[in-house]
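Engineer: Each chain is listed here by its residues.
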Amino acid sequence: LDCTVAQIKKLIGKYPVLWIDAVGLKEESVIRELGELLKLHPLSLEDMSNIPQRPKIEGYPNHLFAVAHTTTYKKSLAISQVSFFAGEGFVVSWRERTNDCFDFLRKRLEVKGGTTRSSGEDYLLYALMDAVIDTYFPALESFGDKLDDLDDRVEAGHSGDIVKDIHATRHEIRLLRRIVWPLRDAVDGLMRKHDWLIGEEAIIHFRDCHDHVVQVLDALESYRDACSDVRDHYATAVSNRMNETMRFLTIISTIFIPLGFLAGLYGMNFNPEASKLNMPELNWPWGYPIALGLMGTIALGQVYYFWRRGWLGGNGEKPKNASPQQMKPPNK
Amino acid sequence: LDCTVAQIKKLIGKYPVLWIDAVGLKEESVIRELGELLKLHPLSLEDMSNIPQRPKIEGYPNHLFAVAHTTTYKKSLAISQVSFFAGEGFVVSWRERTNDCFDFLRKRLEVKGGTTRSSGEDYLLYALMDAVIDTYFPALESFGDKLDDLDDRVEAGHSGDIVKDIHATRHEIRLLRRIVWPLRDAVDGLMRKHDWLIGEEAIIHFRDCHDHVVQVLDALESYRDACSDVRDHYATAVSNRMNETMRFLTIISTIFIPLGFLAGLYGMNFNPEASKLNMPELNWPWGYPIALGLMGTIALGQVYYFWRRGWLGGNGEKPKNASPQQMKPPNK
Amino acid sequence: LDCTVAQIKKLIGKYPVLWIDAVGLKEESVIRELGELLKLHPLSLEDMSNIPQRPKIEGYPNHLFAVAHTTTYKKSLAISQVSFFAGEGFVVSWRERTNDCFDFLRKRLEVKGGTTRSSGEDYLLYALMDAVIDTYFPALESFGDKLDDLDDRVEAGHSGDIVKDIHATRHEIRLLRRIVWPLRDAVDGLMRKHDWLIGEEAIIHFRDCHDHVVQVLDALESYRDACSDVRDHYATAVSNRMNETMRFLTIISTIFIPLGFLAGLYGMNFNPEASKLNMPELNWPWGYPIALGLMGTIALGQVYYFWRRGWLGGNGEKPKNASPQQMKPPNK
Amino acid sequence: LDCTVAQIKKLIGKYPVLWIDAVGLKEESVIRELGELLKLHPLSLEDMSNIPQRPKIEGYPNHLFAVAHTTTYKKSLAISQVSFFAGEGFVVSWRERTNDCFDFLRKRLEVKGGTTRSSGEDYLLYALMDAVIDTYFPALESFGDKLDDLDDRVEAGHSGDIVKDIHATRHEIRLLRRIVWPLRDAVDGLMRKHDWLIGEEAIIHFRDCHDHVVQVLDALESYRDACSDVRDHYATAVSNRMNETMRFLTIISTIFIPLGFLAGLYGMNFNPEASKLNMPELNWPWGYPIALGLMGTIALGQVYYFWRRGWLGGNGEKPKNASPQQMKPPNK
Amino acid sequence: LDCTVAQIKKLIGKYPVLWIDAVGLKEESVIRELGELLKLHPLSLEDMSNIPQRPKIEGYPNHLFAVAHTTTYKKSLAISQVSFFAGEGFVVSWRERTNDCFDFLRKRLEVKGGTTRSSGEDYLLYALMDAVIDTYFPALESFGDKLDDLDDRVEAGHSGDIVKDIHATRHEIRLLRRIVWPLRDAVDGLMRKHDWLIGEEAIIHFRDCHDHVVQVLDALESYRDACSDVRDHYATAVSNRMNETMRFLTIISTIFIPLGFLAGLYGMNFNPEASKLNMPELNWPWGYPIALGLMGTIALGQVYYFWRRGWLGGNGEKPKNASPQQMKPPNK
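Going down the list, the protein sequences come from chains A, B, C, D and E. Everything in the first sequence is counted per the working numbering, starting at 290 for the first residue and increasing by one. Everything in the second sequence is counted per the working numbering, starting at 290 for the first residue and increasing by one. Everything in the third sequence is counted per the working numbering, starting at 290 for the first residue and increasing by one. Everything in the fourth sequence is counted per the working numbering, starting at 290 for the first residue and increasing by one. Everything in the fifth sequence is counted per the working numbering, starting at 290 for the first residue and increasing by one.
Derived from the structure by calculation, the hints contain no laboratory data. One or more hints might be untrue.
[What the hints assert, rightly or not] Restricting the straight-line Cα-Cα distance to at most 25 Å, the calculated cross-link-like pairs of lysine-lysine (DSS-like) are:
#: 1; chain 1: B; residue 1: Lys565; chain 2: C; residue 2: Lys482
#: 2; chain 1: D; residue 1: Lys328; chain 2: D; residue 2: Lys482
#: 3; chain 1: A; residue 1: Lys453; chain 2: B; residue 2: Lys396
#: 4; chain 1: D; residue 1: Lys482; chain 2: C; residue 2: Lys482
#: 5; chain 1: C; residue 1: Lys453; chain 2: D; residue 2: Lys345
#: 6; chain 1: E; residue 1: Lys482; chain 2: A; residue 2: Lys345
#: 7; chain 1: A; residue 1: Lys565; chain 2: B; residue 2: Lys565
#: 8; chain 1: E; residue 1: Lys396; chain 2: A; residue 2: Lys345
#: 9; chain 1: D; residue 1: Lys345; chain 2: C; residue 2: Lys482
#: 10; chain 1: C; residue 1: Lys565; chain 2: D; residue 2: Lys345
#: 11; chain 1: B; residue 1: Lys482; chain 2: C; residue 2: Lys482
#: 12; chain 1: B; residue 1: Lys435; chain 2: C; residue 2: Lys453
#: 13; chain 1: B; residue 1: Lys315; chain 2: B; residue 2: Lys345
#: 14; chain 1: E; residue 1: Lys482; chain 2: A; residue 2: Lys453
#: 15; chain 1: B; residue 1: Lys482; chain 2: A; residue 2: Lys482
Here chain A stands alone, though its shape is the one from the complex (with noise of 0.2 Å):
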């Protein structure tokens, strides 16, 4: 299928419907030899030629003229247009760049006597447009697989990238959700109008393409949900976290520091000799023991207090205090 304008100038009225595979958008002058021959649209070639370009169907008076996106993705979405021309005896479709999306339709024209083979131009024209959604569905598995993923790793308490990969995963879902939206309206519009070329038995093959892209937009809708749950599950996360430091902090901090008051207390220098009311706990013989205890004491009940809160549990220090009872709000 590597030929020139003129050898496809030949080809034409020799078959029912010619399709021819065009693939690059820079050589100019194939491009305006070939619009003259088959006697395209000025728009439509520049439509075609101006990327990017909205998805859309629109009839010319000799022609249909399409334009679709196929997407490849490998690590991330890349976009790529096709265009299509579909006349009486001729369908061309113009991909930005090679890729191997209508490889499958290839094969299965080259297998003679195959009904994709004997049937018109509307036909072929939904099997590649019908293609060209095809290659959304491994998207839409990879962005499942990536929200899972985060999903995973916000869970496991990673925060490393989480928002720019949640972002980066919105921006491509956005990305998508911009090819796909118009050519809904498009394929709905196309089987609205009743355009001379699609033929009543087409329509309802172009009504099973509308169901696929409808789907997709469906599972777009939801994994953009997804991605706001993902966010939220962060956001709470990371709040979450937040509360447990400043827990941690309050229970050792309240602890220690009244704690840390009454050793100050005992280490101040007031001049037991002075007077009989100058720190005469310095020399009591169990002065030292009590206060320890004391010590101990205010620890304890602190601990106790906590405990009753349920803020022990929390810390995975004492698992077998999280039991419900505690678990109770304590402003009830």
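Let chain A serve as the given structure and place chains B, C, D and E on it in line with the hints.
Structural biologist: Relative to chain A, chains B, C, D and E alone:
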């Protein structure tokens, strides 16, 4: 009703309406044979086999084709697809998996002379669709229960897996919504298009069907809102608990840190003998009691300050302080 | 108006329009008998009995069938269903529970020669519907009161059950919205379809009815927004109070921790006799006053720093400092 | 123009179009008499009297009935209702309260031979409606001013009543939106329905009117967004200030707490005479300078650490440190 | 093209289509004269003069009137209005301010024999509209650049004016959206209404125009989402940094506060000579080393605890600890 395609062939024509209830999508030959026997469109058969499909009702030249989903709810939402083919003299329902959603209908059919039995294909199709829609209500109920349970757990101060459970519920609500939403459009379309198969009386019945679907959607919408409410509630609870922790830390720290400083002050080793200016307090007869009194005054002052700002009320220590006048905002 | 079906049978035909006002849905035999007498469609009778139904107005061959809901508001929103059947010469209203929503209408009817009495079925139906819609306004009022009350409580710094109360109010707004929203569509549909029962003059009346419903929806919409505002207000209040707590902790801590360090420094026991480098300050005649002065300077420096940043203003201690120039943002 | 109904009766027919401008809704008898004189529909009179009504334009057999609202903005938004009745040879405008919104129009009418004077009822109605719509623009302007002012206050770090003021502004925007939104639909409906009263030329004028309403709605929409922006801005400012407070606390605490520990360490009273292992540092000739040096090293190390993380830059103390290379995120 | 109205008068009729390109709205007499000459509707002239107007395309009896806006982007978005009048034999474009948006078109027109020159009023109008729409793309590009820049700054940890810049960008996106959104409706309306002035061929061109507008709107929509993403990103970054600060404070505080307490404990002045129970440790030969060892053990124990919880990893001090197994969430 366990029979081969050949047996079905014989049955056609014997009864005004034949209901064929098939289960399982793996035996392709059976699907093909039955499709040929009843002249079902290949695209509709393909849609039936390729799971999952969006719910839809499509008119083909010979028959109506409908896709819907039954749900069962045991711990989590399980969705399985049912396809319907309704043509002159027959209704085929083809389920992905065995379930009991048509059992009730079968019983009604077995009753001789009932309305269900004597009606046409349209009424049978309605009855089957209605049976499918009825499977959504138990799922709705379980959503309601789950949300009530989540609300109770947030209320009770549990924190474990609430976020995860909320997301799981949201996910299931979304899942169910995705199969009910297009069904509404499908039923709505059926009522408007006035297909030849659907009689005037059946339209009234499908209107009933449409009502049920809309009711399910209404409930889903309101569960979705309730989900957001639970999440907000949880976020507020987390933030309130953090606030409380902070306040506790602040109270203890700000009381004891100044006291600790005072204690440290009188623990300094300046030599009182070097001059009279060096810590004469240490040798005062009342030095120690005065220092203690000073500390007590500071502590009480702060406690009074906290009490006036209503910070103590939230700690559950002095609930009698939680009277309205202390609740006055401090910056007023 | 307490009578049996047999009595009703006799009354038919005697009056141009007969209003039958039934209450309670349990006596199935009565429902069936009346249905047969007035030739009501079985599906409409079923819809009447199966509670809850979505509000709707449906045309059946013999009669109009309408479902609406009356509300009463005593502490919380109570909804009860009313069904209407309007046909040639009769209007049936069938309430789920006894309430006083038709009392006002009955009084107007008892006045001989009033417009209400001499009009047709359509006017009576309008009057009944309008009486139902009028029951929504007290609920609206109570929503407004509740929201004002919540706003005041947030303002006053209460924290108790505000979130819970906001959610309860949101829930009730949603509940009411769910029964009013479809009613709007129903009334709208009735006005457009030009049913044979509804005369030209009655359409103008139903337009009035429609206006009322839309007004209720408008109010609900704005209460819903107000709900979100109260929630935001509360969240900001919580976050502000936390900020304030933190600031208080920071002020006290950062003043006294350095002072405490200084006190600790001169509490060290290095032996001044071992060398002249070891804490000669302890033996300086002015050692203690200098140390105190140093501490005072540090404390005052910090207080000045906080005062310049406007942190003290928020504590209510020195309101005179809250002048605009101190409010300048620190990072400017 | 201060006259009784009887006087009006005489005026009818004298002029091609009579403009009756009434104010106040309390004198029911006047309303009734005028209604009878001009054959106004009772429902429209009722709608005029029952305040508040939604804006609308309704066609009655004899006349057009329109409800709109004028606004005045002095500190807060005041809304008052105006009703219009336009029929063959007369236009009645009935205001709830006196205001000056028609003064400009009256002046134009008093100019003999102007276009306004010689046109029909439809043009007069348009001119009145346009005068009403013109009252919205000052309100819009004041919203813009308020939002700018709020933004400045957030910027300047004020915290007082910002949330309250934002909510108040949002509330007023919502209020205005509620009276303008239905007005758009009403005017739109009027243009489409081609009422007998509205001539071809007047439609072009009402299109202008419609344009103005849409412009008001556009502005409201964008103010609503701006409101959300101010709120976000405020929330970020609060959160940034909290961050800053925390950082200040952290810096001071983490510098002085370890130092305080060291000071405490050498304040311990272990008896150096009991063994050589007991605090020999105390008797070292260089003990004190070494301890001070150690403290200084720790403090400087921490300051360096904070400086490298860019924490000091935010405090305004060392702005020269805020160079880009210190701003590098720590976890990179 | 700098000429008076009188000169224009002479030119009319000489050429099949006359393009009058006027700039500036202040000379009212010129506007009035030209309006009379070309029979332009007064309302359209008024709309042209009153700035700002919403974009629109309106049909008047004699001519089409269109309002659009050109944008220039130098640091910030500048919008200026262009009005078009297209009638039999003439197209008037009237700009608010001088700008170069029509320069490209003028050059194409000067080329003799080009398509642009020989086409009718409709094509010229299309070419002018398209030139206006082309001015939006540089603005879009600069939005994209700004958002990328903001994202980089958030990533790099800058905090200065990010919120302000995000809001400024959002504001400009909104501004542009407000002038493009109605333009889409206007162009769409033009294509549907099939005005007498617009030929079949021109419709195809306006469809192209419509495509461009929709493309701009799509891009704006996605920039708006990107704006929200940047804001979320920033909020998360702020919250993460706060978390980190808190964690640092917690680590330092909880390590040194207990140690400080221990040091204070042995700084107490209980008299060992009063009894054997009073601080015998002070006289133990190994007292000091044991105390130091105890402190070291506590410190190491806490460091190990923090290390196990993965708190140290985030500080960049011990990156080798950030292995997955330490990242396990503590409450599992």
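Engineer: All hints are to be evaluated individually against the structure, with a verdict given for each.
Structural biologist: Tested hints:
no., hint, result
1, B/Lys565 with C/Lys482, "violated, 105 Å"
2, D/Lys328 with D/Lys482, "holds, 22 Å"
3, A/Lys453 with B/Lys396, "violated, 57 Å"
4, D/Lys482 with C/Lys482, "holds, 17 Å"
5, C/Lys453 with D/Lys345, "violated, 38 Å"
6, E/Lys482 with A/Lys345, "holds, 21 Å"
7, A/Lys565 with B/Lys565, "holds, 22 Å"
8, E/Lys396 with A/Lys345, "violated, 31 Å"
9, D/Lys345 with C/Lys482, "holds, 21 Å"
10, C/Lys565 with D/Lys345, "violated, 96 Å"
11, B/Lys482 with C/Lys482, "holds, 18 Å"
12, B/Lys435 with C/Lys453, "holds, 18 Å"
13, B/Lys315 with B/Lys345, "holds, 22 Å"
14, E/Lys482 with A/Lys453, "violated, 47 Å"
15, B/Lys482 with A/Lys482, "holds, 17 Å"
The structure fails hints 1, 3, 5, 8, 10 and 14 (numbered hints given earlier, in ascending order).
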